[in-house]
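Trainee: Dock chain B against the given chain A, drawing on the hints supplied.
Order-wise, the sequence lines are chains A and B.
Sequential numbering from 112 applies to the first sequence in the working numbering.
Sequential numbering from 658 applies to the second sequence in the working numbering.
Just so you know, not all the hints are guaranteed correct.
[What the hints assert, rightly or not] Dumping the calculated DSBU-like pairs for lysine-lysine here, alpha-carbon to alpha-carbon at most 35 Å: (1) A:K168 / B:K659; (2) B:K756 / A:K120; (3) A:K125 / B:K724; (4) A:K120 / B:K724; (5) B:K699 / A:K168; (6) A:K125 / B:K699; (7) B:K724 / A:K155; (8) A:K120 / B:K659; (9) A:K168 / B:K713; (10) A:K125 / B:K713; (11) A:K155 / B:K713; (12) B:K659 / A:K125; (13) B:K756 / B:K659; (14) A:K155 / B:K756.
[Said to hold, decoys possible] Every beta carbon over 12 Å from chain B, so not counted as near; a handful from chain A, in silico: (15) R122; (16) I126; (17) T135; (18) N139; (19) P150; (20) Y175; (21) R188; (22) E190; (23) S195; (24) S218.
FYI, nobody ran anything at the bench for these hints, they're computed from the structure.
Note that the Cβ used here is the ideal one computed from N, Cα and C, for glycine as well.
Each chain, written out:
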Amino acid sequence: NAGVTQTPKFRILKIGQSMTLQCTQDMNHNYMYWYRQDPGMGLKLIYYSVGAGITDKGEVPNGYNVSRSTTEDFPLRLELAAPSQTSVYFCASSVQGVTPYGYTFGSGTRLTVV
Amino acid sequence: QKEVEQNSGPLSVPEGAIASLNCTYSDRVSQSFFWYRQYSGKSPELIMSIYSNGDKEDGRFTAQLNKASQYVSLLIRDSQPSDSATYLCAVTLNTGFQKLVFGTGTRLLVSP
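If we strip away everything but chain A, and leave its shape as in the complex, we get (with noise of 0.2 Å):
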């Protein structure tokens, strides 16, 4: 099993453009979730889904979006890019809410707005 995959692994924005990072799960979690770490600042949660079709808020929210349209793909996208968005990108899937084996986290994306 591949687990948790994202893509791209690295990526330059210029202000203003916009991307989406892509998420894609194989393991038939309901729930998936979007984090951004900055340096010192620990994960800060953007957006999450509990099930396709059913996404909330999160902490951080602003400047995202996102769509859950099957069980296993959760992407998230930036409409205009701004240099507080610099940093690390990392879905994470779950069974079911929190449970015994917490989640499971992608590789993550680190993204640069310049």
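Mentor: What follows is chain B alone, placed relative to chain A:
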């Protein structure tokens, strides 16, 4: 007060010693507690989960939970240089959807 607090470190220990990592949390009704290990440039990896007061051991790792004091810790026995990483404490908040809230992590350095 931060929801989950950790000392950023670095915590330096010699090889073979016991490393003790600490975490406090603010929500008295938190139910689930996790420790993740994150190597530099990599994604977090779950190493321990604990739900009840007391100790839980898994190999060289022991998680300790004291809900009355709102305190969770991770002990790493016989520390190895390969244990050098940042350790993230994560706690559920009882706010409907039980999301995980992460601390900022403690950097551990194990010297040979």
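Trainee: Look at each hint and say if it fits the structure.
Mentor: Right, here's what the structure says about each hint:
{"no.": "1", "hint": "A:K168 / B:K659", "in the structure": "20 Å, holds"}
{"no.": "2", "hint": "B:K756 / A:K120", "in the structure": "25 Å, holds"}
{"no.": "3", "hint": "A:K125 / B:K724", "in the structure": "47 Å, violated"}
{"no.": "4", "hint": "A:K120 / B:K724", "in the structure": "39 Å, violated"}
{"no.": "5", "hint": "B:K699 / A:K168", "in the structure": "25 Å, holds"}
{"no.": "6", "hint": "A:K125 / B:K699", "in the structure": "25 Å, holds"}
{"no.": "7", "hint": "B:K724 / A:K155", "in the structure": "24 Å, holds"}
{"no.": "8", "hint": "A:K120 / B:K659", "in the structure": "31 Å, holds"}
{"no.": "9", "hint": "A:K168 / B:K713", "in the structure": "34 Å, holds"}
{"no.": "10", "hint": "A:K125 / B:K713", "in the structure": "48 Å, violated"}
{"no.": "11", "hint": "A:K155 / B:K713", "in the structure": "27 Å, holds"}
{"no.": "12", "hint": "B:K659 / A:K125", "in the structure": "33 Å, holds"}
{"no.": "13", "hint": "B:K756 / B:K659", "in the structure": "16 Å, holds"}
{"no.": "14", "hint": "A:K155 / B:K756", "in the structure": "11 Å, holds"}
{"no.": "15", "hint": "R122", "in the structure": "16 Å, holds"}
{"no.": "16", "hint": "I126", "in the structure": "25 Å, holds"}
{"no.": "17", "hint": "T135", "in the structure": "15 Å, holds"}
{"no.": "18", "hint": "N139", "in the structure": "18 Å, holds"}
{"no.": "19", "hint": "P150", "in the structure": "10 Å, violated"}
{"no.": "20", "hint": "Y175", "in the structure": "16 Å, holds"}
{"no.": "21", "hint": "R188", "in the structure": "21 Å, holds"}
{"no.": "22", "hint": "E190", "in the structure": "24 Å, holds"}
{"no.": "23", "hint": "S195", "in the structure": "18 Å, holds"}
{"no.": "24", "hint": "S218", "in the structure": "5 Å, violated"}
Of the hints listed earlier, those the structure fails to meet are numbers 3, 4, 10, 19 and 24, in rising order.
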